[in-house]
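Here the protein sequences come in this chain order: L and R.
Residues 14 to 438, numbered by this note's numbering, are exactly what the first sequence covers, in order.
Residues 14 to 438, numbered by this note's numbering, are exactly what the second sequence covers, in order.
Please note: incorrect hints may appear among the correct ones.
[To be verified] Each pair of labels, with its calculated beta carbon distance range: (1) L:E100 / R:A232: 34 to 42 Å; (2) R:P284 / L:D54: 37 to 45 Å; (3) R:R435 / L:I407: 29 to 37 Å; (4) L:G46 / R:S401: 54 to 62 Å; (5) R:P359 / L:K66: 25 to 33 Å; (6) L:R35 / R:A232: 53 to 61 Å.
Because the hints were derived from the structure by calculation, they are not lab data.
Note that beta-carbon positions come from the ideal geometry of N, C-alpha and C, so glycine has one too.
There are 2 protein chains.
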Amino acid sequence: MSEKTFALKGDICYSKSPGELRILRRGYVLFRGGLCLGAFDSPPAEFGEITVKDYGDSLIIPGLVDLHTHAPQFVCRAKGLDRELLEWLESTAFPQEARYGELSYAEAAYKHFVADVVNGPNTRMCLFGTLHVPATKALMDMLEESGLVSFVGKVNMDRNAPAYLCESSAGESGDATVAWIKETLGRYRNVSPILTPRFIPSCSEELLGRLGSLQKGYALPVQSHLSENLSEIEWVKQLHPDCSCYGAVYDKYGLLPEGGRTIMAHCVHCPEEELRLLKDRDVFIAHCAQSNVNLSSGLVPLRSYLDRGMKVGLGSDVAGGYTTSILRAMADTIQMSKMYQCCGHPEEKPVTLKEVFHLATAGGGAFFGRVGRFERDYEFDAVVIDDSTYNPLIELSMEERLERAMYLSEGSHIVQKYVRGREIK
Amino acid sequence: MSEKTFALKGDICYSKSPGELRILRRGYVLFRGGLCLGAFDSPPAEFGEITVKDYGDSLIIPGLVDLHTHAPQFVCRAKGLDRELLEWLESTAFPQEARYGELSYAEAAYKHFVADVVNGPNTRMCLFGTLHVPATKALMDMLEESGLVSFVGKVNMDRNAPAYLCESSAGESGDATVAWIKETLGRYRNVSPILTPRFIPSCSEELLGRLGSLQKGYALPVQSHLSENLSEIEWVKQLHPDCSCYGAVYDKYGLLPEGGRTIMAHCVHCPEEELRLLKDRDVFIAHCAQSNVNLSSGLVPLRSYLDRGMKVGLGSDVAGGYTTSILRAMADTIQMSKMYQCCGHPEEKPVTLKEVFHLATAGGGAFFGRVGRFERDYEFDAVVIDDSTYNPLIELSMEERLERAMYLSEGSHIVQKYVRGREIK
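With the rest of the complex left out, here is chain L:
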């Protein structure tokens, strides 16, 4: 009990479950040593002396979690979005990523990315880097310094990629990955490595096998892409005719480790068998609504994923998406869920504000452990939003304030962020 106890005072709101908000007007959320002690109408005596930071009528919500984004593509976001996935990779993403072979470019570019995220509402992220180890380590160093919590992946790709962005062999890719793991695993307080095969078409079978071994050997989590685009799915089928679905290829090589250690981004066009596999393997789906629109990937049957009890979080997927903010991802998720219903699925009710807030906090947070709620022994991540400037001349319930915060908040409205109890803005 040597550490001090703190409280943030304000209008507190967090998701207890997909259907339930907990709301405390002018309440207190307590934390000590980076861990939450709970949210209360008034501070309980049991916690002794408390240092209170009073944020007035500001909204205080858990930090938002981005389960899928590409840090190197940030500087080329909002570019070339008239193409679908495979063409866009060739025209826009790959040439941009190649520049990270030059460390000084990487350092300059990642600085913009990290500054943007620090300025926004996200507190945790799962990130793709590039295939370059020095650049990826530079990104990890910067993220550690920022106080944000993240998993970061050195990307693996040894085939079906332009020569300027392709590792020369599975051996080279695997060896570089081992060296990178040894240098980064356990090195940081806030940053951890995650295995990151780009996607099935980019990885030879030998490389997939090697990554599967590394997963076992180092007990690392895994992130990749799955069933995003119809042409991509067809390509995977041609490359792996022995596998019954796209997801089965990852599974064949041991890349869907159980225990909630895997994130698969997109999952737009999953056949029934693939969904069962993801559920069996306890895989997190990173739902990337904006990217799925920008690259014309399609609308996702998100309601049915929730009904099945799939694990789902939200992803900004920069630069298929053009904004890092998970508040915007929440809005896009609701909007595209409405369009899914409009387009021939009248029985599938759109996801609600409460549900999408849950996905953005506790949903994605679960990948990081006990994260995303203001409850005892959860890690303490919080975002303080001054919503007074866009709420003049109107009376609002707390749920309505949350709705408006989702649609209307910009970086300037976020007055403070806490990650593991530390102020980071």
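Let chain L serve as the given structure and place chain R on it in line with the hints.
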């Protein structure tokens, strides 16, 4: 030739046609007395002495036009968007509009709306007010003062509305409208009245007839809503079983005057006959992509409207939409056009950046006359965007810069706006 000639220097881009951008890097766009003289690589000698305002590498584009929005709903934007149109009107829009019966509230609230638009990229608008004449006049006074150019409508509604927001009779509504027209027509330099029946369900036949007479008598333009939502369309069918489609009701009462004097917002679910009527009557469609999503109205076959040569501009439709910016409306239009293709219409190519830029400038601008291009004798409206802050470490073509300006610009990036040659920011 007593007036001075000015030029803006910068990276100029405007739409010559839906398929063609005109681009001048470090070019000059000239204007005099509120009218454009054209865009040039260097200032032609024929114009004599010119005062040049150099905006460096900033983008200079024509002012953006918002063909449909509800000024009184601005303060309640981003609220209650889990409902469809008719429910949302009852729960959110109508109670908000009722507050404008109090002039002091209206003045305070409209101030926020006008400030937001001045800060953004729009230079011209077609606006709904409320049914209240004093509040609507206050809005017109503020808009005049701002320098923005607008059509503003006192709303007519005498049935199927809650008692707190319903005119007591067609006679009262019509008389108030006449009084309002007499006070406002020709009074302003930048603001003009426009006839504004809310939508068919809100207006008795007697009122529709009276408005039709006023249209003829005063040669006024008309704005309303059309075929936005399936329940609304069904309701109109029940109210007017003699009319073959929703649009035919407006036409029956003389409210689709020819000559490009009418705007119909939404047009999501128009049957073939209705589209033919709109084309025959030279009606402008205000395409409101974000609102159509937020209120689950549906996806619009926009490609087919363009192929038919319909007149189309963009609308923010606050507060079905939650942002006034027509840059955001451009992005939403492209996104929803992609989703329309994805959802069962593979033959309908999404609208392109060039096309949507055309709709946002010259497309909507045509409702105001010669507006939306940097060409001789067009009215001179321009927006200067400093896009340097979000374009570090990347080389971009002018078209790519326009794409990024659409997706990434916020108010702070808009360094100056000109309307009819006057600086207004």
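Hint check:
no.	hint	verdict
1	L:E100 / R:A232: 34 to 42 Å	51 Å, violated
2	R:P284 / L:D54: 37 to 45 Å	56 Å, violated
3	R:R435 / L:I407: 29 to 37 Å	32 Å, holds
4	L:G46 / R:S401: 54 to 62 Å	43 Å, violated
5	R:P359 / L:K66: 25 to 33 Å	55 Å, violated
6	L:R35 / R:A232: 53 to 61 Å	59 Å, holds
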